[in-house]
Amino acid sequence: MSTTEDPRAVAKDASQERQKRMIADHFSRLARSEERGEKCVYTFVPGNLTELLLAFDVAPVLPEINALQSGMRGLSKDYIALAEKEGHSEDVCTYVKCDIGMLRSGNIGPTGERLPDPDLLLLSYTGCFTFLKWFELLKQEYDCPVTMLHVPYQADGRITDEMRKYVVDQLRDKIIPALEQMTGKAYDEDRLRELLARSARAEDDLVAVLESAKHKPSPIDAYFGGVYYIGPIFTAFRGTQEAVDYYRVLREEVEERIRLGKGPIIPSGELEQEKYRLVVEGPPNWTNFRQFWEMFTDEGAVVVASTYTKVGGVYDDGFRHDPERPLESLAEYCLGCYTNLNLPSRVEKLANYVRDYEADGFLINSVKSCNSFSAGQLMMLREVETRTGVPGGFIESDLVDPRYFSAANIKNRLESYFQMIEQKRARGVTR
Amino acid sequence: MMRYAVGIDLGSTTTKAVILDADSEEPFVLGRGITNSRSNYDVACAVALGDALVDARFGMIAAALERAGVDAEARRVALDELTLRFREQQYRRQLAELDRVVRELATEAGDELRQTELAAVDELMTSLLNQVDALFTKDAQRKSDFFRDIAGSQYMHKAEALTRGGGCASRDDGPRFDTLVGLYDKAILAVENTDTSGTDFEDCILDAVVGPQRSLPALGAAVSEVIATRLEKLANVGTGYGRARLPFADTQIRSEILCHGLGAFTMFPGTRTVLDIGGQDTKAIQVDDSGIVTSFQMNDRCAAGCGRYLGYIADEMNLGLHELGPLANQAKRRVRVNSTCTVFAGAELRERLSLGEKREDILAGLHRGITLRAMSLLARSGGVKNEFTFTGGVANNEAAVKALRQLISESYGEVTMNISPSSIYTGALGAAIFATRSLKQEVPAA
Numbered sequence: 001m002s003t004t005e006d007p008r009a010v011a012k013d014a015s016q017e018r019q020k021r022m023i024a025d026h027f028s029r030l031a032r033s034e035e036r037g038e039k040c041v042y043t044f045v046p047g048n049l050t051e052l053l054l055a056f057d058v059a060p061v062l063p064e065i066n067a068l069q070s071g072m073r074g075l076s077k078d079y080i081a082l083a084e085k086e087g088h089s090e091d092v093c094t095y096v097k098c099d100i101g102m103l104r105s106g107n108i109g110p111t112g113e114r115l116p117d118p119d120l121l122l123l124s125y126t127g128c129f130t131f132l133k134w135f136e137l138l139k140q141e142y143d144c145p146v147t148m149l150h151v152p153y154q155a156d157g158r159i160t161d162e163m164r165k166y167v168v169d170q171l172r173d174k175i176i177p178a179l180e181q182m183t184g185k186a187y188d189e190d191r192l193r194e195l196l197a198r199s200a201r202a203e204d205d206l207v208a209v210l211e212s213a214k215h216k217p218s219p220i221d222a223y224f225g226g227v228y229y230i231g232p233i234f235t236a237f238r239g240t241q242e243a244v245d246y247y248r249v250l251r252e253e254v255e256e257r258i259r260l261g262k263g264p265i266i267p268s269g270e271l272e273q274e275k276y277r278l279v280v281e282g283p284p285n286w287t288n289f290r291q292f293w294e295m296f297t298d299e300g301a302v303v304v305a306s307t308y309t310k311v312g313g314v315y316d317d318g319f320r321h322d323p324e325r326p327l328e329s330l331a332e333y334c335l336g337c338y339t340n341l342n343l344p345s346r347v348e349k350l351a352n353y354v355r356d357y358e359a360d361g362f363l364i365n366s367v368k369s370c371n372s373f374s375a376g377q378l379m380m381l382r383e384v385e386t387r388t389g390v391p392g393g394f395i396e397s398d399l400v401d402p403r404y405f406s407a408a409n410i411k412n413r414l415e416s417y418f419q420m421i422e423q424k425r426a427r428g429v430t431r
Numbered sequence: 432m433m434r435y436a437v438g439i440d441l442g443s444t445t446t447k448a449v450i451l452d453a454d455s456e457e458p459f460v461l462g463r464g465i466t467n468s469r470s471n472y473d474v475a476c477a478v479a480l481g482d483a484l485v486d487a488r489f490g491m492i493a494a495a496l497e498r499a500g501v502d503a504e505a506r507r508v509a510l511d512e513l514t515l516r517f518r519e520q521q522y523r524r525q526l527a528e529l530d531r532v533v534r535e536l537a538t539e540a541g542d543e544l545r546q547t548e549l550a551a552v553d554e555l556m557t558s559l560l561n562q563v564d565a566l567f568t569k570d571a572q573r574k575s576d577f578f579r580d581i582a583g584s585q586y587m588h589k590a591e592a593l594t595r596g597g598g599c600a601s602r603d604d605g606p607r608f609d610t611l612v613g614l615y616d617k618a619i620l621a622v623e624n625t626d627t628s629g630t631d632f633e634d635c636i637l638d639a640v641v642g643p644q645r646s647l648p649a650l651g652a653a654v655s656e657v658i659a660t661r662l663e664k665l666a667n668v669g670t671g672y673g674r675a676r677l678p679f680a681d682t683q684i685r686s687e688i689l690c691h692g693l694g695a696f697t698m699f700p701g702t703r704t705v706l707d708i709g710g711q712d713t714k715a716i717q718v719d720d721s722g723i724v725t726s727f728q729m730n731d732r733c734a735a736g737c738g739r740y741l742g743y744i745a746d747e748m749n750l751g752l753h754e755l756g757p758l759a760n761q762a763k764r765r766v767r768v769n770s771t772c773t774v775f776a777g778a779e780l781r782e783r784l785s786l787g788e789k790r791e792d793i794l795a796g797l798h799r800g801i802t803l804r805a806m807s808l809l810a811r812s813g814g815v816k817n818e819f820t821f822t823g824g825v826a827n828n829e830a831a832v833k834a835l836r837q838l839i840s841e842s843y844g845e846v847t848m849n850i851s852p853s854s855i856y857t858g859a860l861g862a863a864i865f866a867t868r869s870l871k872q873e874v875p876a877a
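Protein chains in written order, with the working numbering: chain V, 1 to 431; chain P, 432 to 877.
Okay, chain V solo, but in the shape it has when bound (with noise of 0.2 Å):
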């Protein structure tokens, strides 16, 4: 192998720089839509239709994708401030906040260009109420139908065949016909079929991709780089041949890594050596994502596992949109969202995590303000600890709200926490 030139270094920057590329994209083709006669959605990461929409030649426009892309900014303090100023409790979603100030302030995207104003809202309700508030708010912005996809949440932990049929006489008597309407085209299964067919290639590369972390030492961090790996499949790109080509190039590399026995990239380059392998539980913090990552790294410590890189589909226990079984396996993925899953549901995802990733720890970053994750926190920390044996560890941050994101706390917490793991770890040996 070469000394001078790192082929690995190349390979890294090939998938990266094809997602950023492919986002860079997404959004100039946004900015773009209305003058080119293009209808947009505006709709929910959780229990996204995008396959549905994309067979219509419907662009969707992610608001907490926006929210989020606005922390990494720098942006969402003004955006927060300008909504507060008009009203918003303190308490509420920052995501929302975020979304409408940025709405205010022009509703300029992420890659600075202008997002499209919504042809429609479609609201895929998947766990989280606040959902339906942030529409209720849009909706007063934009002349613009709203149409809505109930999806029942799995209260005991599993899919009936009426929930399916639920969900599917929705998509087939209201959503459908809703999209049609609005871009006077009819429903064309068969291309609703192609889409899927590609879904699932991705699908089967990213849980590749995702399970590498099961390998000493991981190839990837599942957190923090792992909201990177899902950003493409969790927006506008899911059933694209851009997503299937992405999600094999990414693969190929972290197998690659694996093969070299590397662990993951991280923001200084790569993590030398693996102290701690985590599971983490809850959205990770934007506005310093950076530092917060650091704060992983300094130590050692890797996530193996997260449930934050589920809100857009669990695949990890098999599903895979189904050509065959079109709208029936849009349903299936809308109730098998994270969200949309009951606590016990939860809590054994995690503790199997635990015990198939290794991990040596549990740790929640609890948000506040995101009720569809916090509530019942504390109960699955305890729960985990007592099926596991790991330690768990609890931190408080925000989504996009800078001045909940208390980096002295933060990393004072952290340490204890490590500290505690390896503690633990060496109890046995030195006492």
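Treat the hints as calculated values from the structure; they're not laboratory data. It is possible that some hints are incorrect.
[What the hints assert, rightly or not] In the DSSO-like style, the derived pairs of lysine-lysine whose C-alpha atoms are separated by at most 30 Å in a straight line are: (1) Lys424(V) x Lys871(P); (2) Lys77(V) x Lys20(V); (3) Lys664(P) x Lys424(V); (4) Lys424(V) x Lys816(P); (5) Lys216(V) x Lys424(V).
Bear in mind that the values here come from a model prediction, so they are computed numbers and not experimental data.
Chain V is fixed; fit chain P onto it per the hints.
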């Protein structure tokens, strides 16, 4: 020669040091020291360590007296007197330094200072010096053990008296209160951030021993013996809020959670749950049967209910911090205080006072309020298990202890509640134990 390992807990309000005998198998505390935290962390550590070494040397003096056959009562009397005279010497040295710096600053200020203010400075410093004797009589009550607090309160008191009438308005040419306070604020920073701990002991003890040894000649010999004994530091571990800035290597720094857990476990080996309420943190910690932390929770985003909160309330009521608990325990009834925010609690306090509520009844409500916050953290950390150990500065507050005892018994039944008189040193003790353990793991260099 005495070899020791030191643990330092650099907290938001106070810095604590505990030194352990490095050659003892079981943790054996040689001395404990405390000082107020300040901007220069190195100095705060040095002063706390210096204080702990003084404590250790006093222990050695006591041992020497015992060996010399001095009986227990005579030892106690002599050591009490020696301690008082020693503290007085320390105080006088710091006051001399304060005097020097205040006058220097006054001179530097030049025309900015009025003639009357220069005269006031002179009068102020003379007044402080004249009050020293009274501070160090046997029965004197000092509101605090820290120079900053004692000298500060006397200075402010006198400055107020000198400027009364003139006030801080500049309508006449009298001394201005703000100017005088400004001088003190600058000077105390300079005085506090100068490390004199290295030379302190020998100088002070030689002056201090003069009186007491007249009635107990053996004391002079014991002091000389101790001065001649070399103390050697073998290891140190730091913890606390300022630990990242401690002048220690990374490997010598431990999280305060681990230190508090281990410290509490060492003091009371039956400990399974620890509650620590310090200056700005409340920590609920669960430990296993080896003192290893298994779970913890800390307050986040808000420090209401911590030591600083009580300090603020004490200021609002014009009381000393340690007067709060006893007063609250005189309550006949409990006024409900709802504010969970430090600042709002001050407003609510004034409101209640204006409505005619008694101070003790309000304080009883406040203490229950802060205890309820701690209960929530305890619940989040996994509840209260037997035995329960309460540590940190707030554990010295009897009203907080009373409220906690009651709430724990209501929620968790009867559990043994441990409070050590030296509970404020829990974190430093844990750190010191980590320091001695590091010695045992290392191959001796010589």
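Within a Cα-Cα threshold of 30 Å, do Lys424(V) and Lys871(P) meet the stated pairing?
Given pair Lys424(V), Lys871(P) holds - Cα atoms ~19 Å apart, limit 30 Å.
Would the hint linking Lys216(V) and Lys424(V) be met if the CA-CA limit is 30 Å?
With Cα atoms ~20 Å apart, Lys216(V) and Lys424(V) stay inside 30 Å; holds.
Would the pair Lys77(V) and Lys20(V) pass a check requiring their Cα atoms to be no farther apart than 30 Å?
Given that 30 Å is the threshold and the Cα spacing comes to 24 Å, the pair holds.
Holds or violated: Lys424(V) and Lys816(P), Cα atoms, limit 30 Å.
20 Å, holds
Against the 30 Å threshold, does the CA-CA distance of Lys664(P) and Lys424(V) hold or violate the hint?
29 Å, holds
Hint check: no violations occur; every hint is consistent with the structure.
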